[in-house]
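Asker: From first to last, the protein sequence lines stand for chains A and B.
Quick note on my numbering: the first sequence kicks off at 1 and runs consecutively.
Quick note on my numbering: the second sequence kicks off at 468 and runs consecutively.
By construction, these hints were calculated from the structure, which means they are not laboratory data.
Glycine residues also receive a C-beta, built at the ideal position from the N, C-alpha and C atoms.
Treat the hints loosely; a few may be bogus.
[What the hints assert, rightly or not] Ranges of calculated distance between the beta carbons of each label pair, as one might list FRET restraints:
| no. | chain 1 | residue 1 | chain 2 | residue 2 | range |
| --- | --- | --- | --- | --- | --- |
| 1 | B | F601 | A | W178 | 52 to 58 Å |
| 2 | A | I299 | B | A629 | 36 to 42 Å |
| 3 | A | E370 | B | F601 | 22 to 28 Å |
| 4 | B | G705 | A | S373 | 16 to 22 Å |
| 5 | A | R303 | B | T632 | 40 to 46 Å |
| 6 | B | G589 | A | W178 | 52 to 58 Å |
| 7 | A | R339 | B | Q470 | 54 to 60 Å |
| 8 | A | D384 | B | F601 | 52 to 58 Å |
| 9 | A | E429 | B | S868 | 51 to 57 Å |
| 10 | A | E378 | B | S868 | 38 to 44 Å |
| 11 | A | A166 | B | A629 | 56 to 62 Å |
| 12 | A | P364 | B | G705 | 49 to 55 Å |
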Amino acid sequence: MARKAIAEAVKWAAPGLAGMGKGHRTSCKPDEDSITMAVEAARLCLAAAPDRAPELLQFASTTAPFADRSNSVLASEALGLDSDLRCLDLGGSLGAGLAGLINALSHGEPALTVAADRRATRPGSAAEMQLGHGAAAVATGSEDVIAQCLATATSAEDFIDHYRSAEAEFDYAAEERWIRDEGQSKVLPQAIGGVIAKAGKDAASIDRIVFAGIGAAASRQVLKQCGLDETRLVDPLDSVCGNTGTAHPLLLLAHTLEQAAPGEVILVANFAQGAQCLLLETTEAIAAFASVNPISDQIANGREDGNYLRFLSFNDQVEMDWGIRAERDNRTSLSAFNRHRKTVTGFVGGKCSACGTRQFPKGPACVNPECRSFGTLEDEPFRDKIGLIRSFTEDWLAISPNPPLIYGNVGFDDGGVIMMEFTDFEPGELTVGMPVRFVFRIKDKDPKRGFRRYFWKAAPVAASEAN
Amino acid sequence: MAQGIRDKVVILGMGCSRFGERWESSAEDLLAESFQEAIADAGIDRDQIEAAWFGLSMDEQNLGKSGLSASQSLRLPNIPVTRVENLCATGSETLRGAVYAVASGAVDVAMAIGVEKLKDTGYGGLPERSKGTFNDLWQPSATAPGSFAQFASAYSTQHGVAMDTLKEAMAHISWKSHENGSKNPKAHLRRQISKDAVLKAPMVAYPLGLFDCCGVSDGSACAIVTTPEMAAKLGKTGELIAIKASQVSVSNGMEMTHGSWDGSFAHTTRVAVARAYHEAGITDPVKELAMVEVHDCFSITELVTMEDLGLSKPGEGYRDVLAGKFDADGEVACNIDGGLKCFGHPIGASGLRMVYECYQQLRGTAGDRQLTRPKKALAHNLGGFPNFNVCAVTVLGQLGS
Numbered sequence: 001m002a003r004k005a006i007a008e009a010v011k012w013a014a015p016g017l018a019g020m021g022k023g024h025r026t027s028c029k030p031d032e033d034s035i036t037m038a039v040e041a042a043r044l045c046l047a048a049a050p051d052r053a054p055e056l057l058q059f060a061s062t063t064a065p066f067a068d069r070s071n072s073v074l075a076s077e078a079l080g081l082d083s084d085l086r087c088l089d090l091g092g093s094l095g096a097g098l099a100g101l102i103n104a105l106s107h108g109e110p111a112l113t114v115a116a117d118r119r120a121t122r123p124g125s126a127a128e129m130q131l132g133h134g135a136a137a138v139a140t141g142s143e144d145v146i147a148q149c150l151a152t153a154t155s156a157e158d159f160i161d162h163y164r165s166a167e168a169e170f171d172y173a174a175e176e177r178w179i180r181d182e183g184q185s186k187v188l189p190q191a192i193g194g195v196i197a198k199a200g201k202d203a204a205s206i207d208r209i210v211f212a213g214i215g216a217a218a219s220r221q222v223l224k225q226c227g228l229d230e231t232r233l234v235d236p237l238d239s240v241c242g243n244t245g246t247a248h249p250l251l252l253l254a255h256t257l258e259q260a261a262p263g264e265v266i267l268v269a270n271f272a273q274g275a276q277c278l279l280l281e282t283t284e285a286i287a288a289f290a291s292v293n294p295i296s297d298q299i300a301n302g303r304e305d306g307n308y309l310r311f312l313s314f315n316d317q318v319e320m321d322w323g324i325r326a327e328r329d330n331r332t333s334l335s336a337f338n339r340h341r342k343t344v345t346g347f348v349g350g351k352c353s354a355c356g357t358r359q360f361p362k363g364p365a366c367v368n369p370e371c372r373s374f375g376t377l378e379d380e381p382f383r384d385k386i387g388l389i390r391s392f393t394e395d396w397l398a399i400s401p402n403p404p405l406i407y408g409n410v411g412f413d414d415g416g417v418i419m420m421e422f423t424d425f426e427p428g429e430l431t432v433g434m435p436v437r438f439v440f441r442i443k444d445k446d447p448k449r450g451f452r453r454y455f456w457k458a459a460p461v462a463a464s465e466a467n
Numbered sequence: 468m469a470q471g472i473r474d475k476v477v478i479l480g481m482g483c484s485r486f487g488e489r490w491e492s493s494a495e496d497l498l499a500e501s502f503q504e505a506i507a508d509a510g511i512d513r514d515q516i517e518a519a520w521f522g523l524s525m526d527e528q529n530l531g532k533s534g535l536s537a538s539q540s541l542r543l544p545n546i547p548v549t550r551v552e553n554l555c556a557t558g559s560e561t562l563r564g565a566v567y568a569v570a571s572g573a574v575d576v577a578m579a580i581g582v583e584k585l586k587d588t589g590y591g592g593l594p595e596r597s598k599g600t601f602n603d604l605w606q607p608s609a610t611a612p613g614s615f616a617q618f619a620s621a622y623s624t625q626h627g628v629a630m631d632t633l634k635e636a637m638a639h640i641s642w643k644s645h646e647n648g649s650k651n652p653k654a655h656l657r658r659q660i661s662k663d664a665v666l667k668a669p670m671v672a673y674p675l676g677l678f679d680c681c682g683v684s685d686g687s688a689c690a691i692v693t694t695p696e697m698a699a700k701l702g703k704t705g706e707l708i709a710i711k712a713s714q715v716s717v718s719n720g721m722e723m724t725h726g727s728w729d730g731s732f733a734h735t736t737r738v739a740v741a742r743a744y745h746e747a748g749i750t751d752p753v754k755e756l757a758m759v760e761v762h763d764c765f766s767i768t769e770l771v772t773m774e775d776l777g778l779s780k781p782g783e784g785y786r787d788v789l790a791g792k793f794d795a796d797g798e799v800a801c802n803i804d805g806g807l808k809c810f811g812h813p814i815g816a817s818g819l820r821m822v823y824e825c826y827q828q829l830r831g832t833a834g835d836r837q838l839t840r841p842k843k844a845l846a847h848n849l850g851g852f853p854n855f856n857v858c859a860v861t862v863l864g865q866l867g868s
C-alpha cells in the first residue's frame, strides 16, 4: 500500500500524517491472515532447509485468527508435517517471535519458529502508516547450520509503550518521546550489553545490527549508548514494509542472513515488554545457502496499491454492500471438515496405484475412464506442484471480498485437474497455459460463528520460479 | 439389446405458461396455466392421467420436496406424483419418467410437468446455494455464468480462435435469440437488440457480458403422453408427434478431475446425443434435424453445443454461427422460440418448454415463427456446470418418420 495514498485520503482529518506519506507498507489481501502468511513463510523456510524434519513447531503472533484452536497445529497440517510434532502457540507480546526463536535455540532440537502478524490499525492513525503485515520463519537445529548462536539475553519489564486489551481491536499507544527516552534507551542498552558480554565479544566486533520494534531516533540513541557502529545497522525496511510485529525481528534476521558472508557476527534486538536479544555468527555453510524467494525479491516484485478505500475494505473497516449473495449462511460442517481435513488443509489428493492417475479430490474410485478401480488411491500431495491454467473466468456476479472472483480449471504438471480459485491476480492478467503455484489462503469466513475455512488457491509463479 | 423408446410413446397434449417475471402468479398458478392448456390440447379429463412426474429444481419458492404441491394445486386424482430434480435437465427428466412409464406398459396416460418461480427468490441471477458440506470446503463459489464462461477461454485456446472473433459469434447467437423471441407471444424477452449492444454490455463473468446470459424467469410447461394406439382411441387428431429418443448422461467426475477433458466442449452432451441419435435412428443430424432447441444458458454454451450435437465440426462452430447456419432461415434453426436466452429459463420447466416448441413446430402450429414443416426435432439440456453436469437429449418427430 502506498503511504502517499493513505496520507492523501486522510489529510482532511490528519494533515500531520503527510510527513509519513513516503514509501510503502505491506498489507494483507482479504484471503490472508497470520496463519496463511505463516504457512507461506514456513514453506519457503523448509524449502531452503530441506531434510530437516522439525520436532517443534512454534507459531508466534498477537493476531492469531483463533483464540482457542491451535494455530500452530493448523499450520502444521497445511505444511504436511507429521502429527508427532510438538506444536506451540506463542503470543501476548510483540516479543513472542524472537522469544520463540531464543526458546528454540535454547532447547536445541530441530525446530521451526514462525511469526506472523496482521495488526489492525485505525484509519488516519500513525500506526496505519508505520505497521505492515508479514511473517517470517526460522529453522533451527544443531547440524550444518548457517549461523551459530553465540548468546541470548532477555529481560522482562512491564513497560507500557502500547497495549491492546483482550477485547480491543486496535492498539493504544503512549507518547513516542517518553517511550524512547524512558523505555527503549534504558531497556535495550542493558540487554544488548549483556548479550555481547555473555558471548565474550565487544561492540566493535558486531558486523550487522538488527533492531526491531523501535523507530529511527531511538535506534540512533541506543546505538550510541551501546557504542555500536551506526553504519552496521540493518535497514529496518520501514520504507518498503513497515513494522510487522512479532514477525519483524525474524524477518530482518532472514533478510540479513540472505546477504551475510561466513564469519559475520549479527546482533538481533527487539523491544517489547523488556528486550529480547540474540547474537549469532555465520558459518562457512552460509556461502552455499540459497534462500527461496528471498526478501529482496519479494520487495522487488511487490505490487503497489494506491486504492485506500479498497485497503480499508480489505481490513474490514468499510462495510461495502455485497448484495444478496453475501447473505448466504457459511456454517461449516465440522464433522465433514474433520473427515476431509487432510484433503482440504494439506491439499492431499490421490494417485491410483493401479494406473498412476493423479486426482483431486480422492474419491472412492479412480477417475481414469480406463481404470475406475476401487480402493487403489494413495495419498498424493498437490501443494508443491506447478499448475497450468486450462480455463478461467473473472466473475463479477460471484460473491468475493475482492471482486471479481477469479477461478478456473488448473491442470497439474504431472496429472490431475481441479477447478479452483486464483489469488494475487488482477483482472486481465490470466491466460490459458500460464503456470501457477499453490498457496494456502482463507477460503471462506463464517461471520456468524467466527469460523474461517482455509484451502489452497492458484497464485502467480515468480519469474525466478518459472524457469 | 434394448430396443429403446422410439415411436412407442406419443404426445397427447402440451401446455406452456407465458414465461417472464410473473409477479402476479404463484408457482401453483403457473402449474395450472400449463396444465389446463395441456389437458385441453390432449382432449382428456384430468382423471384419465394415471401417473405424473413433477419437476422443480430450486426449493426457494416453498413448494416443498415432494409431489404434493403439484397434486394439490392441480387436484390430481390421488395418482403417484414423483418429484424430480436434476439441475437444468429437470424438465426433461420429468418427460423421461412419464415416457418410460407409458413405454413400459405400466400406465396408458402419464404426465410430465415442471415449474420454477425464480423471481420470488429475490436474486438477479440464480440463487446462491451451498455446494455441499465437503465441496464448500474447497470448490470456488462459482456462479453459472462464471462456470460456463470458461468454455470461451478453453475454446479460444484449443481452436486458436481470437477472443474478439469468438465474442462476435457469441453476439450473433444472442442477437438471433432476440430476433426469434420477438415473434413469440409467450417469451420473456421480446425486444430485438443489435449485436453492438451485446458486445458493449457490462461484463458479468469474462468474457460473458449481460446479453450473453439467459433470462431468469418464472414459468411452467406440461406434457401428457400416451401410446400411439391410445392416442387414436382418445381421438387425437392430426399427425401424432412421437418421442424418438430420450437420453440422459451424467458426469462421473472425469471432466472435473481427469486431464483428458480440455474444457472446450461438454462431454456429456456428446455421450447423450450419440445414444439419442442411435435410439432415434439419426445418422446425419444436419440433414435430418430441421430444428433444435438447445440449452443456451449462455451464448457460448449454444456455440459449443452445435459442435457437441454434430451440427458443426469441432472448432468450426463459430464460423457456422456467423454464417447464419443456425438462424431462423438457416440450415438447422436453433432456438426458434427464443431459447433460454429470450423465452426464459425457469429451471424445472425448461426441458418441457423446449419439447413444447418442437411439438408445435412438428405439428405446424407455431404461428409467426413456424418453420417449413420439420420432421424431426431435438431438445437439449445441460444442467450444472461444464465440468459437473447432467445432459438430457430428447428427439421428437412425426410418428413413423
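Asker: Okay, which hints does this one fail, numbers in order?
Answerer: 4, 5, 7, 8 and 10
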